[in-house]
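Enquirer: Given chain V's structure and the hints, the job is docking chain U onto it.
Heads up: the protein sequence lines correspond to chains V and U, in order. Residue 15 in the working numbering is what sits at position 12 of the first sequence, and the numbering runs on without skipping anything. Residue 155 in the working numbering is what sits at position 162 of the second sequence, and the numbering runs on without skipping anything.
Everything labelled a hint here was simulated from the structure, so no lab data went into it. Note that this is a predicted model, so its numbers are computed, not measured. A virtual CB, placed ideally from N, CA and C, is assigned to each residue, including glycine. Keep in mind that the hints are not guaranteed to be accurate.
To be verified - A short, non-exhaustive set of chain U residues, derived as facing chain V with CB atoms under 10 Å:
| no. | residue |
| --- | --- |
| 1 | Ala192 |
| 2 | Phe194 |
| 3 | Gly223 |
| 4 | Met287 |
| 5 | Glu290 |
Stated by the list, open to error - 27 Å max Cα-Cα, derived DSS-like pairs, lysine-lysine:
| no. | chain 1 | residue 1 | chain 2 | residue 2 |
| --- | --- | --- | --- | --- |
| 6 | V | Lys63 | U | Lys66 |
| 7 | U | Lys199 | U | Lys232 |
| 8 | U | Lys201 | U | Lys232 |
| 9 | U | Lys184 | U | Lys201 |
| 10 | U | Lys232 | U | Lys66 |
| 11 | U | Lys66 | V | Lys93 |
| 12 | V | Lys93 | V | Lys63 |
| 13 | V | Lys68 | U | Lys66 |
| 14 | U | Lys66 | U | Lys147 |
| 15 | U | Lys184 | U | Lys199 |
| 16 | V | Lys68 | V | Lys93 |
| 17 | U | Lys199 | V | Lys63 |
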Amino acid sequence: MIKPSKWRAAAVAVLAVAVTNVGFLNAAQAGIVATSAIVRTDRDANLATIRDQLDQSEVKAQMEKMGVDAASIDQRIAALSDSELHSLAKQMQDAPAGGDAIAVIGVVFLVLLILELVGIIDIFKKT
Amino acid sequence: MAQRRRAASLVLAACVLILCGCASRGPVMESSAAVELADTPFFPQDAHQCGPAALATVLGASHIAITPEELEKRVYLPGRRGSLQVEMQAAPRAYARLGYPVNPELADITAQLDAGRPVLVLHNYGLPMWPRWHYAVVVGYDGPKQQLLLRSGKVQRQVLSARNFMRAWDNADRWGMVVLMPGELPAAADKERYLEAAAAFEPSAKPKDAWAAFDAAVRQWPDEAVARVGRGTASYRDKDYRAAAADYRAAVQMDATQVGARNNLAMTLLELGCVAEARRQVDAIDSTTLDPRMRDEIADTRQQIDDGTHREACSPGAQP
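Bound-form chain V, shown alone:
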């Protein structure tokens, strides 16, 4: 009978082996530790290995769902560092997405719209 903690340790080991090169340089520099692994300030470095792998598939899945062209996904993920991947995996849905072309005039419009919505003014005719 294997205790749950041993199962967990086994799963950790398997995942750790499955991970290749994330955070380390590519095969041409096998054996050289990447500077990102040294500069990394994670407190939970033990979890990093498994996390990186999960982050990558999570970001990939979310990008697919959000309509990113399949050919670009790998390219985009390759540009990200481990900590960037992690923050994307966690907050791709809620992180600020800059997109609207709102100039200063937009601020005036928003003020009017809010006053309208809370019923102070009534300039946007519904009829």
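Expert: Just chain U, lined up with the frame of chain V:
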């Protein structure tokens, strides 16, 4: 009736704006100078494309000619109708440039402009409950007039009062970035932030570009071990093993706990034929407290030293 209401609402709106404008006091911008980077390119954006447009603007200013359309596939998220900061910062790497997040201070923005670099900023023109995120590029400022100049949306030269700028920037947690050529340091460079940006640049960079980025850091912070490791790794990738060994050795001397540096030094010594010394370096590492990945790397290095394919051929000149 409707006209009177409209007039009343406009007066009310004007009052709100004036009140907001008067709420804080004193000059917002400390600098008394005026700078305008008039050569900065301009890409009037289509709907939701301010991310790619702003990125093309700062890349253009850094001598990378690219269109917003090409950048769309790198930073635009159709599902969010916008672009995320993380990807905005990562995208320049594909064009041999580093994205460096600025200090969250207006003085830092003006310092970057003084150094000739436009600053890409995130603004929020909405409310906390109802955010409206927008990327724009600051291309100038006027201290005496308390104004900032931006490339924004379809406006080539938007003039914003420092107060209005700060309101929208505050609501976006004051996020901004500059694009750096390898070898360039930002104005008022922050060591940790710069090294993190350089380390994130390393995997996709050509060895020469990574070398330049870390060399700038070594010159700015001569006692910083991470900068030496970065420059050493760039030399290693370029097969300049003597230069690599010198930098790794310096890093280990600066910070004896720098296990990654010691591992890389051992690998480099192996390339130089200094097998015995490589073994000594690896033996100096205490693996018990390391995270599993680093431990695997070191076990791998030890195995390469012991597998017998490397013969001792350490010439006296090989030892830096």
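Enquirer: Look at each hint and say if it fits the structure.
Expert: Here is how each hint holds up against the structure:
Proximity of Ala192(U) to chain V holds as hinted, the smallest CB-CB distance being about 4 Å (cut-off 10 Å). Look at Phe194(U): its Cβ gets to within about 9 Å of chain V, closer than 10 Å, so that hint holds up. Evaluation of the Gly223(U) hint against chain V yields a held restraint, the C-beta minimum of about 4 Å falling below 10 Å. Restraint check, Met287(U) versus chain V: the minimum CB separation of about 7 Å is within 10 Å; hint holds.
Interface hint at Glu290(U): satisfied, since its Cβ lies 6 Å from the closest Cβ of chain V, which is below the 10 Å cut-off. Restraint check: the Cα-Cα separation between Lys63(V) and Lys66(U) comes to about 14 Å, which is no more than 27 Å; the hinted pair holds. Between the alpha carbons of Lys199(U) and Lys232(U) the distance comes to roughly 13 Å, so the proposed pair stays at or under 27 Å and holds. Our distance criterion of 27 Å between C-alpha atoms is met by Lys201(U) and Lys232(U), whose separation comes to about 11 Å.
For the given pair, Lys184(U) sits about 21 Å from Lys201(U) by alpha-carbon distance, which is consistent with the 27 Å threshold. A distance of roughly 34 Å separates the Cα atoms of Lys232(U) and Lys66(U); the hinted pair therefore is violated under the 27 Å criterion. Restraint check: the Cα-Cα separation between Lys66(U) and Lys93(V) comes to about 21 Å, which is no more than 27 Å; the hinted pair holds. Simply put, Lys93(V) and Lys63(V) have alpha-carbon atoms about 12 Å apart, close enough for the 27 Å limit, and the pair holds.
Among the hinted pairs, Lys68(V) with Lys66(U) is consistent with the structure: their alpha-carbon atoms are about 15 Å apart, no more than 27 Å. Restraint check for Lys66(U) and Lys147(U): satisfied, since their Cα atoms lie roughly 21 Å apart, inside the 27 Å limit. About 22 Å separates the Cα atoms of Lys184(U) and Lys199(U), which keeps this hinted pair within 27 Å; it holds. Only pairs whose Cα atoms come within 27 Å are accepted, and Lys68(V) paired with Lys93(V) is accepted, the gap being roughly 15 Å.
Between Lys199(U) and Lys63(V) the alpha-carbon distance is near 25 Å, which keeps this suggested pair within the 27 Å criterion.
Hint 10 alone, counting from the list given before, is not met by this structure.
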